[in-house]
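Asker: The residues making up each chain are set out below.
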Amino acid sequence: MRLSGWGNFPVVDCRLVTCRGSADLQRLLGQDTTLIPRGNGRAYGDAALNPELTVSMLGLDRFLSFDPENGRLTCEAGVLLRDLLAVFVPRGWFPAVTPGTKFVTIGGMVAADVHGKNHHLAGSFARYVEALELALADGSLVVSSRHEHPELFAATLGGMGLTGLILTVTSRLIPIETAYIRQETFKARDLAEVMEHFETSADWTYSVAWVDCLASGRNRGRGLFYRGEHASRAELPAAVRAQPLLVAPKRTKRVPVYLPGAALNGLTVRAFNALYYRLGAAANQTIIVDYDTFFFPLDNLLEWYRIYGRRGLAQYQCVLPKQASRAGLSALLERVAKSGEGSFLAVLKLFGPQEGLLSFPMEGYTLALDFPVRTKTLNLLDELDEIVAHHGGRVYLAKDARMKPMYLERGYPALGRFRQIREEAGAHRKFESALSRRLEL
Amino acid sequence: MNAKTETVLILGATSDIGRAIAREYAEHGCALQLAGRDSAQLAREAEDLKLRHGVPVSAHVFDVLEMQTHSYFVAALDPLPDTAVCVVGLLGDQKEDECDFGRAELVMRTNYLGPASVLGELANRFAARGAGTLIGISSVAGDRGRATNYVYGSAKAGFTAFLSGLRNRLVRSGVHVITVKPGFVRTRMTKGMALPGLLTAEPNEIGRAIYAAARRRANVVYVRPIWRYLMWAVEAIPEGVFKRLRI
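So the protein sequences, as listed, match chains A and B.
Sequential numbering from 1019 applies to the first sequence in our numbering.
Sequential numbering from 609 applies to the second sequence in our numbering.
Worth flagging that the hints you see were computed from the coordinates, not collected in a lab.
You may find that some hints are simply not true.
[What the hints assert, rightly or not] With a cut-off of at most 25 Å between alpha-carbon atoms, the simulated SDA-like pairs for lysine to any residue come out as follows: (1) B:K799 x A:Q1044; (2) B:K658 x A:P1262; (3) B:K658 x A:P1108; (4) B:K851 x B:E706; (5) B:K799 x A:T1052; (6) A:K1422 x A:D1400; (7) B:K612 x A:V1105; (8) B:K799 x B:L838; (9) A:K1205 x A:K1356; (10) A:K1394 x A:S1357; (11) B:K799 x A:G1048.
Because the structure is a prediction, the values reported are computed rather than measured.
With the hints as extra help, turn the sequences into a complete structure.
Answerer: Dropping the structure here:
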């Protein structure tokens, strides 16, 4: 079956099998082939593709237990974040870390060690994971945590599915009073102003910026800065205060057909960006928005990647150390603006400190850009890799589809330790993906 | 629906279709009784449904083949459910079942005798009470026997006739009987089979179809609906012609 990541690039013909329980599991692990587990396919590139055997974990979708005293939830790895939100928000609980889409599995969130708009204070998802039940290469089942099999546990957090199959996840939710966020928006004239907003909003729970990456010269890095806090009941407008934990379902808009690739060239996107920025004149005000709008604005445009044309899209997300961010971001934005290549979505976020073996975040600024897949843009991304590496940064594997192996070595200093743990678990011979092969993990 | 919570019994609750039916009823606030052989798996399903939907869910060990236990099983249900759905089935392997009648007999007992036994018990009690809904998952395969699956098909044909007879017997006693005939469904039972996309239903479609059928008191429901017309055409073929077909 032809499978791809969310960016539709690359597309690989894979043998796809669904795992529904332990009987399936033993049978699949016993076969003489490498394999990779697959969640809901929201990694952009080739992280969840293995032509020999790709195992869909979507059949393991049960909630197993929940402790309302402390928010401890144990669920099977194939549970979607969307369903977790639907069940637990009305009960006054929220994920401690929310990625940009709710259509991911909890297992996938562990494997990619996802981060959210609150990383500067809350860290990544791994911080809230207490235990993982894993199926190893030899078919054995183990429960790993910070106290049991701690090395395997550490390697599985952010380990891109390469250490074993995650079967169940025990993690902590946080209590909330309402399903709404108090949001403030500011216009920023250039990169310096955006970065200043991040600095002065350091004690706000959530913060993120949208940046016009095609603006050049004096305007380079101009954009909109958003910050948010969980709204208290008293802050809600009267209309929704009676039911503070309920949010009305929104109609989702599908993008019906693939637009021809040319529909999104440099000029179109430039115009779009300028318009979007001017529309951000709703700035300097406080509004109350529901959590779905604040956290998942893109989910409402299902299959939005189709806007990028049939050849697919490459998302590029990198992070630069704090000291090097001003110079590094300028260099990156300069290079992108000069190329005239698209990206009507460039997101900028300040991360806090981070631990982990293959986890992506580091204390500094992360920039995420989209490009339609064309030879010209693929070459551009190679150049961006060099700029990122030069400034001591790295690229997010959950988004990557085309990076060269040497940049993995340069960007992830704990790579050697990760490889060692993987070998000790016998996982290097069993769990492989197109990504791990490409990057020579 | 009346103000009292409806209780729904699902026989074969750990199957893909059983799970889909359980979720559908739970979404509508019904209490569930999950019955099957694997008590550990039933407990997991029960916990998941309780967490997701906040409805009461109990787990009951039940084996459709142990027919002598069925009257005790039904007597022990507390409360006696308002609705009972029988999802138990076994596809078997036609070629192997032809050579080994022991296998064929298992297919027949699982798809016809066992379900008839437990539904018969439930029918008697529902009739005594004067209310209830019985739902049996049969199959389009029972509409006409053909070479490639007649062991399974004949068992389902028996089951269809049994449900039809129950419906006729109980029509004035306040008990409604529904026959559900799925065509192709994407489940564990059909894993590995090449199923044509447009004709193949997902388990959640069966769940939704059953809930809707119970609301409007339908008699015979095909899922997907197109199968009603396909089978009408299949049944219209004269036997002299049909016997020569390889379908």
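Asker: For every hint, state whether the structure bears it out.
Answerer: Hint-by-hint comparison with the structure:
1. B:K799 x A:Q1044: Measuring from Cα to Cα gives roughly 17 Å; hence the hint holds.
2. B:K658 x A:P1262: The given pair, whose Cα atoms are some 23 Å apart, holds under the 25 Å limit.
3. B:K658 x A:P1108: holds (15 Å)
4. B:K851 x B:E706: holds (18 Å)
5. B:K799 x A:T1052: holds (21 Å)
6. A:K1422 x A:D1400: holds (8 Å)
7. B:K612 x A:V1105: Holds. K612 of chain B to V1105 of chain A sits at ~24 Å (cutoff 25 Å).
8. B:K799 x B:L838: Roughly 23 Å between the alpha carbons, so the hint for K799 of chain B and L838 of chain B holds.
9. A:K1205 x A:K1356: holds (23 Å)
10. A:K1394 x A:S1357: Judged against 25 Å, a Cα distance of about 9 Å means the pair holds.
11. B:K799 x A:G1048: With Cα atoms ~18 Å apart, K799 of chain B and G1048 of chain A stay inside 25 Å; holds.
No hint from the list above goes unmet by this structure.
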